[in-house]
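Join the two chains into one complex using the hints; note that each chain is given alone, in its own frame.
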Amino acid sequence: MLEANFQTLKRYRYLLSNLIVKDIKLKYRRSILGILWSVLNPLLMMIVISAVFSNIFKFQVENFPLYYLTGSTLFNFMSESTNLAMMSILNSRELIKKIYIPKYIFPIEKCLFGFVNFLFSLIAVVVMFIVFGYPLHLTSLLFFIPAIYTLIFSMGLGMVLSALGVFFRDVIHLYSVVVVAWNYFTPIVYPYEILGEKMKMFMQINPMYYFVSYFRDVTMYNTVPGVKIDLICIAFSVGTLIFGLWFFKKTQDRFILYV
Amino acid sequence: MENIIEIKDVEMHFNMCKEKIDNLKEYFIKIAKRQLMYEDFIALDKVNLEVQRGEVLGIIGYNGSGKSTILKVISGILKPTKGIVKVNGTIAPLIELGAGFDLDLTARENIYLNGSVLGFSKKMMQDCFDDIVEFSELKDFLDIPMKNYSSGMVARIGFAVATMVKTDILIVDEILSVGDFLFQQKCENRINNLMAGGTTVIIVSHTLDQIRRLCSKVLWLDKGKVKMLGDTNTVCDAYEGNLK
Chain A
1 MLEANFQTLK
11 RYRYLLSNLI
21 VKDIKLKYRR
31 SILGILWSVL
41 NPLLMMIVIS
51 AVFSNIFKFQ
61 VENFPLYYLT
71 GSTLFNFMSE
81 STNLAMMSIL
91 NSRELIKKIY
101 IPKYIFPIEK
111 CLFGFVNFLF
121 SLIAVVVMFI
131 VFGYPLHLTS
141 LLFFIPAIYT
151 LIFSMGLGMV
161 LSALGVFFRD
171 VIHLYSVVVV
181 AWNYFTPIVY
191 PYEILGEKMK
201 MFMQINPMYY
211 FVSYFRDVTM
221 YNTVPGVKID
231 LICIAFSVGT
241 LIFGLWFFKK
251 TQDRFILYV
Chain B
1 MENIIEIKDV
11 EMHFNMCKEK
21 IDNLKEYFIK
31 IAKRQLMYED
41 FIALDKVNLE
51 VQRGEVLGII
61 GYNGSGKSTI
71 LKVISGILKP
81 TKGIVKVNGT
91 IAPLIELGAG
101 FDLDLTAREN
111 IYLNGSVLGF
121 SKKMMQDCFD
131 DIVEFSELKD
141 FLDIPMKNYS
151 SGMVARIGFA
161 VATMVKTDIL
171 IVDEILSVGD
181 FLFQQKCENR
191 INNLMAGGTT
201 VIIVSHTLDQ
211 IRRLCSKVLW
221 LDKGKVKMLG
231 DTNTVCDAYE
241 GNLK
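Sequences listed follow chains A and B, in order. Be aware that the first sequence starts at 1, since it is given in the working numbering, and climbs by one per residue. Be aware that the second sequence starts at 1, since it is given in the working numbering, and climbs by one per residue.
Incorrect hints may have been included.
[Unchecked claim] Derived list of chain B stretches under chain A, where covered just means 3 residues or more per stretch with a C-beta under 8 Å from a C-beta of chain A:
hint, stretch
1, 22-31
2, 59-68
3, 114-124
What the hints contain is simulated information worked out from the structure, not anything from laboratory work. Glycine residues also receive a C-beta, built at the ideal position from the N, C-alpha and C atoms.
One chain only, chain B, in its complex shape (with noise of 0.2 Å):
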């Protein structure tokens, strides 16, 4: 099988300032001092992983281990310090459902959008505009200002625009715990379609019934480290060992 992502020793450090500086006084003032000092933080250290297409990858682990930070980096919103990230394929990242929504455009300015910002053309947009609304289910609120919409709606709109469009991996950053629980079941269908046409996912989440329910295999990180990488009921069982 084609690896369709591959991470080769990548690390990821952030210069802690141990006082966010952005003016220039203040910049100068610390040069001539010489007291710019950074503390340097790693938030992935050494991370090795190939994922292969079609498989369904779950990221597990404690507040602040790295995970949404290695999502980061696969989707290219972070340049990893060191090391090689190779991604063969279209992302469509649900790091968080209507980043890119204007919320006093109207729903329907904000589906064409947000299908723009993920890298759409216009003719795909218009082909699945009928699907995304249908999918949302939000038909009769279309023409008004999203500011009015509920956290719920705007989620939903999120996920239909992130998912219409087949891309060749989604990543999912703990939103399917939007919305209420029909829709929660829709968007897990939607993910279980998505898998059984080749779309490779990444999922993030606390909920480890979930994980076990979708993925193929896991990825345990803990402060920046792999600490397991496997199978899926073997991680899972060790890292409930783990936090008993």
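Next up, chain A with everything else stripped away, as it sits in the complex (with noise of 0.2 Å):
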């Protein structure tokens, strides 16, 4: 059976493709700057989030304004391709009522545009460590290792969203919610440090604080976190694909008489 959904995957991999090269075309076109908002828009945040926040942090945090920007460059990749793959299925009610499409196609479609877009942020990322002089380390190579956990993570959150999202449109104003606490529950804009033992713990089980952690310990810190981080990021990242993927194929036959 596993090889027949890879099958079908495979037969489908150009609509794929041709999905999210709409998405990147759709979102710039008849804008000036185009792609290059992907850029801009984490710098101008970067900008407004150092200004408030960098004077309060300055003894916790070598070089802040490169601290906010690792953190939420990868904190938005995923709060983006969660939010889009959660609509994903709505929004595409007019095409599943009509044609049959393998329907898991949709949410992991997002999260690869998210993904593509992630990568072009990248570049405000580089930008950064040049106009800052901070060195660019050789371990900064394996920014993917992170990046790749963060995509599967996201796939199988976005497939659970997208199924429930169909059943209770509640969800959707609820998981906005959700991805703002996560947001301050994850230290993007605050050191680890100056967090009190209990919200420590709580850390342990927030997969998006390992993802940020390794993020910037490969891009900034020049260290590779050991074997056992990896594992944990495995455990997270790839046991909620396969509670996605079970979620999603118990519940797509009844998308139809709710979207």
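As structure tokens, this is what we get:
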């Protein structure tokens, strides 16, 4: 059965790539700066956040703007992908009602689209490293590892959200609050060290905490986290993906009655 | 002859909720009050059907008799509640033309997108792109966004894409009524060509002339049940007799 799924994925990979290209084109159509916004957006946010917070964490965090930028870039990738994935089934209702397409294509496509956007915003990160004269370490080349973990995690979560969103539209409103809260529960604008003992415990079950720290370790601190961290990351991401696939498969035949 | 489509005892039930519940609060309130009542609506009732390769099947019936539902069951959009549906081949569903068009994109972009929605490969689309454009006769409008198209123009592109690549089964739902007279004739010719090439076609139409002209076999559905299945003229005559 797994092989059959793989076969359909192969058959529809042209659709997958077409949809991603379509999303990219439509996102920037009729904006003068176009794709440059993927780079400008995180930079502008970085300036605002640094202006407000860098004084507060002056002693705990070196290079606050870069600290914020690396964390927020990865987190935004997750939040954008899962948000788009959540709406993906509802937004393709016209298509789902008329043509048979494996439905998991839609949330997966949105996550891959989010990944492409993430790669564009990495340009902003590199530019800022150069502007601040911060050394680009060789370990930076490993940036793709936490990025892939985040992608797999987002796919799993996105599938759950997209299925839930079909049945209960409340999920859409609820999730927008959850993402904001999650953003503050992850050390992005503040350093991990200022957290109290309880919150530190809490971080152990926050997958984004692991992915973000991993990302900063390889890009900023020239260190490679040990195998243990990799295993934790794999457990979080692959576990979520398997749960997402299972949940999606279980509910997908009823989508058409609710979209 | 080999059966390309086999439908055995297919039933399609819909839970017709008295009111549509799509938020959590109402859902829990209704569960707590045990008010979550469904009305069982049977859209298809024990339908049996076999279609052989190369046949042209017409489906007729009044509004709400289950014609579109059976097309959706065959094309895999709906999973039947009970029964077995076996399809041995690729399907081009023309249930509504232009499904999957994004009207913000240009016609050129949409042709590729629509082709991939139907499951065609990149190479197939590149090979027949020119034919599609020629058939639709819209060469001069290729690079404008499709939201500026008229509905007839959209239908032309949709029909051209869906029928360009040869599939085993073509499903046509009331679409021959779009476009001007000349284009309708062109569509009919193309369907005739496809049939000559061995494609199985399923047509839903309210125009009995069309059914008589094209079909080799007709299915008459009434309130989800098979009222009659057989030779085109016999079924069409009976259907007309019933109307009077």
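Each hint, compared with the structure:
1. 22-31: holds (count 5)
2. 59-68: violated (count 0)
3. 114-124: Contact hint for the stretch 114-124 of chain B vs chain A: holds, 7 residues under 8 Å.
Figure legend: structure checked against the earlier numbered hints; the only hint not met is number 2.
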